[in-house]
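Participant: Chains as they are written, first to last, in our numbering: chain W, 19 to 522; chain D, -19 to 989.
If you're looking for bench data, these hints aren't it; they were derived computationally from the structure. Treat the hints with caution; some may be incorrect.
Here are the computed lysine-lysine pairs in the PhoX-like style, where the Cα-Cα straight-line distance is at most 25 Å [claimed, not checked]:
(1) D:LYS805 with D:LYS680
(2) D:LYS795 with W:LYS407
(3) D:LYS805 with D:LYS795
(4) W:LYS492 with D:LYS795
(5) D:LYS429 with D:LYS535
To give an idea of the interface, some chain W residues facing chain D are shown, with a C-beta separation under 8 Å as derived from the structure [stated by the list, open to error]:
(6) ASP44
(7) THR135
(8) ALA138
(9) ARG139
(10) TYR249
(11) ALA353
All C-beta atoms, glycine included, are put in the ideal place defined by N, C-alpha and C.
Chain by chain, the residues:
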Amino acid sequence: MINIKRYLIIFTVLVTIMSCSKDFLDVDPQGQLTEIQALSDPNAAEKLVGGVYNTLYFGEFGNTTVGFLYALANDIASDDADKGSTPSDYPDAAQLDNFTLTAGNGIFNNLWNGHYTAIARANRSIDILEQSTFEESVKNRLLGEVRFLRGLYYFNLVRFFGGVPKVIRVPDPAEGNSDEFQTRATAEEIYQVVLEDLQFAVDNLPLKGATPVGRATKGAAQSYLAKVYLYRKDFQKAYDLSRDVINSGQYSLVPDYALIFRENPVNGAGGNNNSESVFEVQTGINVGETAVSKLYSNGQGPRGRGGWNDLGFGFNSPSQDLANAYEADDTRKNATIIFITPTLPANSPGTVLWDGYRIPSKDSVENDRYNYKAYHSPLLESPQLTNNKDTKPKNIRLMRYAEVLLINAEAAANLGLGDATTNLNLVRSRANLPASVGTIDNIWKERRVELAMEHDRFFDLVRQGRASTVLGPKGFVAGRNEVFPIPQSQIDLSGNRLTQNPGY
Amino acid sequence: MKRLSTFITSVVLLLTLSVHVLFAQETITVSGKVTDAATKESLIGVTVVVKGTTQGVTTNVDGLYSIKAPANATITFSYLGYTTKDVPVNGATTLNVQLESSSEVLEQVVVVGYGTQRKKDVTGSVSQVKGEDIAREPVLAATQAIQGKVAGVQIISSGAPNSAPTVRVRGTGTMLAGANPLYVVDGVITDDIRNINSSDIVSMDILKDASATAIYGMRAANGVLLITTKKGKSGEMVIEYNGTVGAKQATHLVNMAGPNQYAGYINEANVFYGTGEELITPEQLAAGGNTDWYDDILKTGFQQNHNISFSGGGEKTTYFFSAGYLSDEGIINTNNFERLTLRSNNEYHINDWLKISGLASYSRFDVREVNLDAFNLSYRAAPYVPSKVGDLYGNTSLSNNVGNPLLNLEKNDDRGTGNKVQGTFALDANPLPWLTLRSSLGVDLDFYKNPIYGYRFANTGPDNVFLTEGGNQLRTNSSYSLKDNTTNRWVWDNTATFNRTSGDHNISFLVGVTAESYTFNSLTGTRLDVPENRDQWYLAAGSPIGATNDNTGDKATRNSYISRLNYSFASRYLLTATFRADGTSRFPSENRWGYFPSVGLGWNIIEEDFMKDQNTFTALKIRASYGQVGNDQIPTSTYFPIAAINLPYFFDGSEYLGISFNQLPDENVQWETTKEFDFGLEFGFINNQLTGTVDYYDKKTEDALINIVIPGILGDTDNLFTTNASDFSNKGVEVGLNWISDLGNGIKYSIGVNGAYNKNEITGLNGGQALFDGSVGTQGFVTKSDNGQPIGSFFVLQSDGIFQTAEEIAASAQKTAKPGDLRYKDLSGPAGTPDGVIDALDRDFSGSYQPKYTYGVNGTFNYKLFDFSVSSYGTAGGKVYNAKKAARADTRDNLETEIAKNRWTPNNPQTDVPRANLAPLPASTYFLEKGDFFRINNLTLGYTLPASFLTKYKISKLRAFVTAQNLATITPYSGFTPEIISTSPLNGGIEAGIYPTTRTYAFGVNIGF
């Protein structure tokens, strides 16, 4: 019996050894930072703000904020651009061109998801910032930056869809499915969010120069807030805010319009973050090529039909109508549109771009016109690291001083103030055009050519109340197409609590 | 082979029988002859052991043995296929013994997990395949060789060298989590058995029902495959050599249109139905070649397999050494695979109650992989473009925007080298006759290196590699990437088994505890501009610009307690009850522990008194079992809220790295639970010439993990939420029948038939949210998994013939169609009724890839020294989506000859192939085909040279054979193969980029010394 005891003891010891180590089963994820670990970093709140800026890169054919699909949605739906590319390519974009939009259109699902993902990051970041122990001024500046971006994103959503779910805090997991978040707020309620967020930003952000380039500034917040007031026809506020920007003395027009969209300045003028830039997406070269708005440049780049290494997919082709909209001698026309030369006469030199890059004539090129403002020179501007053309580091100009001048002019015209003509002519004279009178019609006409292919035209036409007149020939139906369809998949996921926009 | 199996049987007996404490006794030498009780033929290789000791010998070629034993000892004679006999010595020096041939099935010993059991006593559903039946087939993975041999086990194999076949035991057992069964090699838990040399396998035991698998608890829901490797046996050294040399080629290829057929179709489509111009000009055709792209990328591959083993042992030790080399060139250019395996299985009996064993194997493989996209590119590439002339390639990207498949193969060099060390080191102690203690440590170390080099090539200028410059296929910088993975797994089992026999009562009770750890580390780097010279294929030789490095890892642990009670009364009434408690790091601490019980009951009716007088049955058993098992195969960090880090943004021109919390995890995630009921009948007739098994099972999986799509407003990065939110069931019947007959005059034959029916059905999806998967080109998702349907059901438009006239079109829902177009059924609309529009709402369920029936037929026929065997496998009731045909990416893509030839034209209206059309067609049943097939997996004809001839050369055995693997496949499916390995059960059966089935002819020899 001694034997049994001995072996049973050994066995018991083994069992004990193997079961007593309670920690044995506590294994944290390897090589991944858990939220708890991340929040133990005193700079976590600031890093979360960085994560919100990162959402400005959301693009390609996926979740998007201000990237490629945003550009398509605005320009193709307007009279500025046709779908481009080959006729059969990307039917979702073709729906924009002739207003045969369906609720299943993936572009809007991606815009919806992209914006809400960005908003969720902003909400989380605000939540952590408010608990942080930063000095009050730092905390408010960071809060201002995040709320500026959230305001911008809700401004996009309300213009795309009208009222949308109002999510301005982090829901508990159990709350995610509640009516509060799964039903649409009114457009008015969303505009209130936009106004509050942007006003907070105006009140707390530093002026340009007092904060690193790329971070949201007081001027950017004022400009956007002025624009929102223009949409709300509160011309006095739009006027005051844009005047503040003008009077700040921080901004000036780049003398040569074409240089606005280059990467590098020429003789100190133009380039990224030029004197005219109020807010722009800051791209850069990093190893993973992740600091870019993917496909923004080559998605709109000239598309070949074989025989040469083309520049892109050829979407968002500027329309003949846009080309016709320029007055003679307007320097902006050839800075906005790449015109492809006809096949004949034979041996055409094709189109030679500003950097010397030659695009062959029409027989080797899919479309007649391309967006010059999205062009990123493969010869003279920062190359992407790899062969992947999708990752061209093209900064997207979201708000320019020229637009601030035109906002101010429009507000002034509505208020009967003389600044309307002054500001309009500042913009015109830079484009080598004679002076004109600051009527609302003239200002609207100027907005089109000044901001063409900068993805604002559709929203502008709806705001101005002339979308059905201007876009009727493309298939626009009044009472329906002022907003786009709520994505069907989101309606389904809400259990039909999200209502569809009329007519879809 | 037989002798080895015998040895295993004896080892098992040694381990399970009580050890008698021996007192000092007079030792005498006992000798004699062992013969077959019926035929009186002498039996060679019978294991003769002094009961209660490890002293053993085997009978020689004349059936003679001689052994030293105490005068009062008992000697055990055991031989596979015969009833084991215990004979008391009682002082006799001569013992001639006759062994009774027994039913092989019922005396069979099966491995059941942490032990073995007589098949007769098993109350669950367990099937065994013998090593010799696995080794016969010239394939890499042992699982491929069991295809068609076990009822209810579906094996989906691939022709690719180094591929791991998909194994499904009793239907699809999961939706999102790992769907592979658990592999246990000599007690080591692993997920891949491609390192195991089939020649080293004694048997593979497949545990099918939950009562059998419950002992493996949380890992067992997909079934358990137990592999036992060979060991040596006491006696002289046995040397065996087995080798095959053969060639393999692709079968069942798809015929593509030639240049004229191609141009005819494309131009007809564009001239009559498109823009009007001829897309393929006569000049293009005249200037071009006539390329059969498949011909140009495929080859006949050479395959060889050599194995040598040395085994034997003394009184206290046994050894088994083996070495194996296998090479397989595959059937596509640049493909190649080689594997070396070494094994050393040794056992040391320290004394009569203590044994140490060490089973260790090393394997190494070198593979050059091919990108399977080459098959798709070959399907698409225009046939008038030459593939390669001299050193220059045809420029297919100019013809129809597709890469040249041959260039793709030749300009990429993707190699893998794997080194794996696997072993079990165990201590077995029998301190008392009724107690066995075992401590075993299993290790599995895997080292994998994957260097990929992409050659630089240009499409213009001095480095141009094309016949015509231009296009978009180019690589401006060479690239080199290296992946280095290390996996380390160990499992430590400690078990105690108590055996008590008292009268008719036999009780065995096992308790144990196991601990398991898994760690994984992956290091990757990429560099551009690494020189072409192979000696410089190192990361350091590349450019720092664009360099990337990454290092990730994984770790999981498990701690479990196991117990099993076996009770039998007079071998008549059987009870098995198991219970396993599993604790795992994969789940949050509050639901970390899972408890998995099972119970099985058996009744050996044949042992009843009332059966004594009948002669009809020689075996009859019914059994019933119920058990619960789990599946925890989800990524280890699923339940952790993880921060996304290194999110860049540029401030002041320099990169700032932010973070975000954008992934919503289910912090309450847990394992999937499968509850299974099994009812089985085992029988034998006519002196066990006919034996069989019938099983009915009902398997319910609850809390299956799925990714549910969540509303965008929650801001989850991918809008997916992994949670336990689905239930489904598999129900089915399995039948296996075996007939063995000896007609005398040296003629013996056997026929085995097995078949299974399985019905898979989703019973409860989260809030009814169906899961879409299987994206095909512009057609979108083609599968939908929803309540009441099998997992991964195809969900497409219902094609309904071809429009012939304008009147038909006017009366249809497709007003813009043209004669010759496919007609689709208008099934529904936004209001739930037909709406006169054909859109996604008109899609309907159309079957799934999962076969309803799987079956196999296997036979052997021996005539004197000739042996012949055949094995086959088939499935029925599954569907395959021909995605390569469905996903036309470019209007100028090539098409199949069948389509070009049989297309609808006004002159050929009686056809089921629609008109020439360059536009992509919507997903419909037109692309869905029957996936049924029947294949002769293996056919072998062998001849064994007569022993009289061989003894002169001291050769004990010499057999030569020819074998054909995948000799013929009969299938209505028009694509490469209906056997499709998919990434997930949700998208099974979508054929795109599949390695074709291969046929191998080989010649081989078996030599024994």
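Participant: State for each hint whether it applies.
Facilitator: Do the hints match the structure? See the list:
A threshold of 25 Å between alpha carbons decides the hint, and for LYS805 of chain D with LYS680 of chain D the separation of about 35 Å lies outside it, so the pair is violated. For the given pair, LYS795 of chain D sits about 41 Å from LYS407 of chain W by alpha-carbon distance, which is inconsistent with the 25 Å threshold. As the CA atoms of LYS805 of chain D and LYS795 of chain D are separated by approximately 13 Å, the hinted pair is consistent with the 25 Å bound. Proximity of LYS492 of chain W to LYS795 of chain D is assessed by CA-CA distance (about 23 Å); at most 25 Å being required, the pair is judged to hold.
Distance restraint check for LYS429 of chain D and LYS535 of chain D: the Cα-Cα separation of roughly 20 Å lies within the 25 Å cut-off, and the hinted pair is therefore satisfied. Interface restraint check: ASP44 of chain W against chain D, minimum CB-CB distance 7 Å, threshold 8 Å, status holds. Hint on THR135 of chain W holds. Least Cβ distance to chain D is approximately 5 Å, under the 8 Å limit. For ALA138 of chain W, the suggested interface contact is upheld, since its CB lies about 2 Å from the closest CB of chain D, less than 8 Å.
Contact between ARG139 of chain W and chain D, as hinted, is supported at the beta carbon level, the nearest pair being about 5 Å apart and thus within 8 Å. Interface restraint check: TYR249 of chain W against chain D, minimum CB-CB distance 23 Å, threshold 8 Å, status violated. Taking 8 Å as the C-beta contact cut-off toward chain D, the hint placing ALA353 of chain W at the interface is violated, the least distance being around 25 Å.
Checked against the numbered hints given earlier, this structure breaks hints 1, 2, 10 and 11; the rest are met.
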